[in-house]
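Chain U is already provided as a structure; the job is to place chain C on it using the hints.
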Amino acid sequence: MLDRLNVRAAIVSIVFLTVLLGTWELANQPPEQTEALTEYEMLMGGSAPQARVPNPSEIGLLAIEELSDPFYDKGPNDKGIGLQLMYSLYRVLSGYFLAALVAIPVGFLIGMSPLMQKALDPFIQVLKPISPLAWMPLALFILKDSEISSIFVIFICSIWPMLINTAFGVSSVKKDYLNVARTHELGRIKTAFLVVLPAAAPTILTGMRISIGIAWLVIVAAEMLVGGTGVGYYVWNEWNNLDLTSVVFSILMIGFIGMLLDLSLAKATKMVQYVE
Amino acid sequence: MSSYLLTAENLSKVYPGPKGGEPLTVFDGVNFGVNKGEFVCVIGHSGCGKSTILNILAGLDDATTGAVIMDGKEVAGPSLDRGVVFQNYSLLPWISVFKNISFAVKSRWPKWSKDEVYEHTMKYIEMVGLKGVEHRKPSQLSGGMRQRVSIARAFAIQPKLLLLDEPFGALDALTRGMIQEELIKVWEKTNQTVIMITHDVDEAILLSDRIFLMTNGPHASIAESVMIDIPRHRDRTEIIHHDHYYPIRNHVVDFLVKRSKELNDTGIEQQGQEQAFHYPPEVNPATGQVTEVKIDTDPSQVDDTRIANLR
Numbered sequence: 001m002l003d004r005l006n007v008r009a010a011i012v013s014i015v016f017l018t019v020l021l022g023t024w025e026l027a028n029q030p031p032e033q034t035e036a037l038t039e040y041e042m043l044m045g046g047s048a049p050q051a052r053v054p055n056p057s058e059i060g061l062l063a064i065e066e067l068s069d070p071f072y073d074k075g076p077n078d079k080g081i082g083l084q085l086m087y088s089l090y091r092v093l094s095g096y097f098l099a100a101l102v103a104i105p106v107g108f109l110i111g112m113s114p115l116m117q118k119a120l121d122p123f124i125q126v127l128k129p130i131s132p133l134a135w136m137p138l139a140l141f142i143l144k145d146s147e148i149s150s151i152f153v154i155f156i157c158s159i160w161p162m163l164i165n166t167a168f169g170v171s172s173v174k175k176d177y178l179n180v181a182r183t184h185e186l187g188r189i190k191t192a193f194l195v196v197l198p199a200a201a202p203t204i205l206t207g208m209r210i211s212i213g214i215a216w217l218v219i220v221a222a223e224m225l226v227g228g229t230g231v232g233y234y235v236w237n238e239w240n241n242l243d244l245t246s247v248v249f250s251i252l253m254i255g256f257i258g259m260l261l262d263l264s265l266a267k268a269t270k271m272v273q274y275v276e
Numbered sequence: 277m278s279s280y281l282l283t284a285e286n287l288s289k290v291y292p293g294p295k296g297g298e299p300l301t302v303f304d305g306v307n308f309g310v311n312k313g314e315f316v317c318v319i320g321h322s323g324c325g326k327s328t329i330l331n332i333l334a335g336l337d338d339a340t341t342g343a344v345i346m347d348g349k350e351v352a353g354p355s356l357d358r359g360v361v362f363q364n365y366s367l368l369p370w371i372s373v374f375k376n377i378s379f380a381v382k383s384r385w386p387k388w389s390k391d392e393v394y395e396h397t398m399k400y401i402e403m404v405g406l407k408g409v410e411h412r413k414p415s416q417l418s419g420g421m422r423q424r425v426s427i428a429r430a431f432a433i434q435p436k437l438l439l440l441d442e443p444f445g446a447l448d449a450l451t452r453g454m455i456q457e458e459l460i461k462v463w464e465k466t467n468q469t470v471i472m473i474t475h476d477v478d479e480a481i482l483l484s485d486r487i488f489l490m491t492n493g494p495h496a497s498i499a500e501s502v503m504i505d506i507p508r509h510r511d512r513t514e515i516i517h518h519d520h521y522y523p524i525r526n527h528v529v530d531f532l533v534k535r536s537k538e539l540n541d542t543g544i545e546q547q548g549q550e551q552a553f554h555y556p557p558e559v560n561p562a563t564g565q566v567t568e569v570k571i572d573t574d575p576s577q578v579d580d581t582r583i584a585n586l587r
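Sequence order for the protein chains is U and C.
Counting with the working numbering, you get residues 1 to 276 for the letters of the first sequence.
Counting with the working numbering, you get residues 277 to 587 for the letters of the second sequence.
Check each hint, because a few of them may be wrong.
[Claimed, not checked] The calculated lysine to aspartate or glutamate pairs, modelled on EDC-like cross-linking and capped at a C-alpha distance of 16 Å, are:
{"#": "1", "chain 1": "C", "residue 1": "Lys399", "chain 2": "C", "residue 2": "Glu458"}
{"#": "2", "chain 1": "C", "residue 1": "Lys465", "chain 2": "C", "residue 2": "Glu314"}
{"#": "3", "chain 1": "U", "residue 1": "Lys175", "chain 2": "C", "residue 2": "Glu458"}
{"#": "4", "chain 1": "C", "residue 1": "Lys436", "chain 2": "U", "residue 2": "Glu185"}
{"#": "5", "chain 1": "C", "residue 1": "Lys375", "chain 2": "C", "residue 2": "Asp357"}
{"#": "6", "chain 1": "C", "residue 1": "Lys407", "chain 2": "C", "residue 2": "Glu395"}
{"#": "7", "chain 1": "C", "residue 1": "Lys436", "chain 2": "C", "residue 2": "Glu314"}
{"#": "8", "chain 1": "C", "residue 1": "Lys413", "chain 2": "U", "residue 2": "Glu276"}
{"#": "9", "chain 1": "C", "residue 1": "Lys312", "chain 2": "C", "residue 2": "Glu464"}
[Claimed, not checked] Using C-beta positions, here's what the derived DEER-type ranges look like:
{"#": "10", "chain 1": "U", "residue 1": "Ile214", "chain 2": "C", "residue 2": "Gly297", "range": "42 to 50 Å"}
{"#": "11", "chain 1": "C", "residue 1": "Asp391", "chain 2": "U", "residue 2": "Leu5", "range": "34 to 42 Å"}
{"#": "12", "chain 1": "U", "residue 1": "Val275", "chain 2": "C", "residue 2": "Asp448", "range": "20 to 28 Å"}
{"#": "13", "chain 1": "U", "residue 1": "Val275", "chain 2": "C", "residue 2": "Gly296", "range": "43 to 51 Å"}
{"#": "14", "chain 1": "U", "residue 1": "Pro105", "chain 2": "C", "residue 2": "Asp448", "range": "58 to 66 Å"}
{"#": "15", "chain 1": "C", "residue 1": "Thr567", "chain 2": "U", "residue 2": "Ala192", "range": "46 to 54 Å"}
Think of the hints as simulated: they come from the structure by calculation, not from any bench.
Ideal Cβ placement from N, Cα and C applies to all residues, glycine included.
One chain only, chain U, in its complex shape (with noise of 0.2 Å):
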């Protein structure tokens, strides 16, 4: 039953591909040339009279040659795809460990302690709705080096969504749980691995999991704005060159990493989840 209901989704999601991209390429076509070229034109190589969005057939003969060597590296402005979206990656998963390392044992903290909860709170309600690219100058100067700045970037975005979930999770840990660590005579570093951690663990996931979402949002706009490596650059690069093609090519690039990273998250989480 379920099967059958995959295989009807698939082909579903097939013919609503195959119809958004026939009409794409069918409402994109060049218009006919209705004069002879100028000489101009001609020097030029006959070149087209107005730019266009690429059609998908470009896209995907481009996206055949640019993954069959993702991974060439010309100079500064020439290099693969997976080049970019792994220096992207590297940005990304560290600015967002360096997050989890601080987030999680201060929510354990905040969600534990009434006191630091009641403390912290201003602080994290002030702090959490500024749009992470507001710090970049600041990350700039202080930091002075866009590499680091653009960590330091990923790790403040991602670090509201996990710091607020563990601190939901391990304060809304049932009391029964508690008092079956306590009537065990566990110590507080043991009740916090063998029972708060665990019992939290689903919601904490689930914070980190719209971390890393956040993260990759907003690392491509962190490398518009330094420039120089990453996926989010090499975006600007193209539209710099007018090659909307390549763009197009690695919006598709984006969407596909992030999805994949969702996905390992995702699978995470249900790797703690427990039935009550």
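Here is chain C on its own, set in the frame of chain U:
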């Protein structure tokens, strides 16, 4: 010193009222003693503070006044000396049945080797008839099986006192009967001291040596301690044919239906008078004998120790 393993002396629980309102005294003047190896049931209507008393005995809750003394020491906080079986089983859902018990065994005997922990854990899993499902998660078990795990966990740490908070309240009648028999078997093997809260009169008569009858709240207290002198080993199907069964049952039911309220009304009138500081009289409904039990410590002194301890 009394010969009791555990005594509760002048316990009360008062919750502060809503702003400007009267504070709520759930129970006060609760005194009792429990002998080693004894099985005691506490029966009373909802809201008389039975569960609160059990939590105070466990060390999970604090009494407003009075103290619980076990083995000559005041109970302050939870301890492995007092095992608890909660009504909702309170198993950790992310680990297996085996681990739910073995973590308790490990915390009881931290120096034990892996093999010792394994053997001890398996012994209690077998005792409650759960061999073969020890690797399942609690969510994969029925309610009755979960409560057996909880009972095995509590017995496995071999506490000096076992506290059961309506352990069979959430089970259907058939499962309940089966687990009662399991409980009798395990109890007879271990000779554990048990205090159990229940709503079920037949269950209380089947299991206990004495039944504490509580008056209704607020200002609830233990009115009587009913002796169950039906010889062991007791069997669910045979116990009802014993001569003493119906006198006891009628006495308890009569108490719950009528006297628990009447006594509470007179109790409130007597408030502030010298009625608090004695153990509940021991009643044998079959013979009609009523024995007053005198307290052998001065309750005012107990209060002082408690205050001293609080400092």
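Below or equal to 16 Å on CA atoms is what counts here, so check C/Lys436 against U/Glu185. holds, 15 Å
Tell me if the beta carbons of U/Val275 and C/Asp448 are separated by a distance inside 20 to 28 Å. holds, 21 Å
Is the distance from the Cβ of C/Thr567 to the Cβ of U/Ala192 consistent with 46 to 54 Å? For U/Ala192 against C/Thr567, whose Cβ atoms are near 51 Å apart, the range 46 to 54 Å holds.
Outcome for the supplied range 42 to 50 Å, where the beta carbon pair is U/Ile214 and C/Gly297: Given range 42 to 50 Å: holds, Cβ gap about 48 Å.
Could you grab the alpha-carbon distance between C/Lys407 and C/Glu395 and see if it respects the 16 Å cut-off? Holds, because 12 Å separates the two Cα atoms, which is no more than 16 Å.
Taking 34 to 42 Å as the stated bounds, is the beta-carbon spacing between C/Asp391 and U/Leu5 within them? Because 50 Å falls outside the window, the suggested range is violated.
Holds or violated: C/Lys375 with C/Asp357, Cα cutoff 16 Å? violated, 20 Å
Does the Cβ distance between U/Pro105 and C/Asp448 fall inside 58 to 66 Å? Between U/Pro105 and C/Asp448, where Cβ atoms are some 45 Å apart, the hint is violated.
Compare the distance between the alpha carbons of C/Lys399 and C/Glu458 with 16 Å, and conclude whether the hinted pair is satisfied. holds, 14 Å
Is C/Lys465 within 16 Å of C/Glu314, Cα to Cα? holds, 13 Å
Holds or violated: C/Lys413 to U/Glu276, with C-alpha atoms at most 16 Å apart: holds, 10 Å
Can you confirm whether the C-alpha distance between U/Lys175 and C/Glu458 stays at or below 16 Å? Violated: U/Lys175 and C/Glu458 sit about 28 Å apart, past 16 Å.
When each numbered hint is compared with the structure, violations occur for hints 3, 5, 11, 14.
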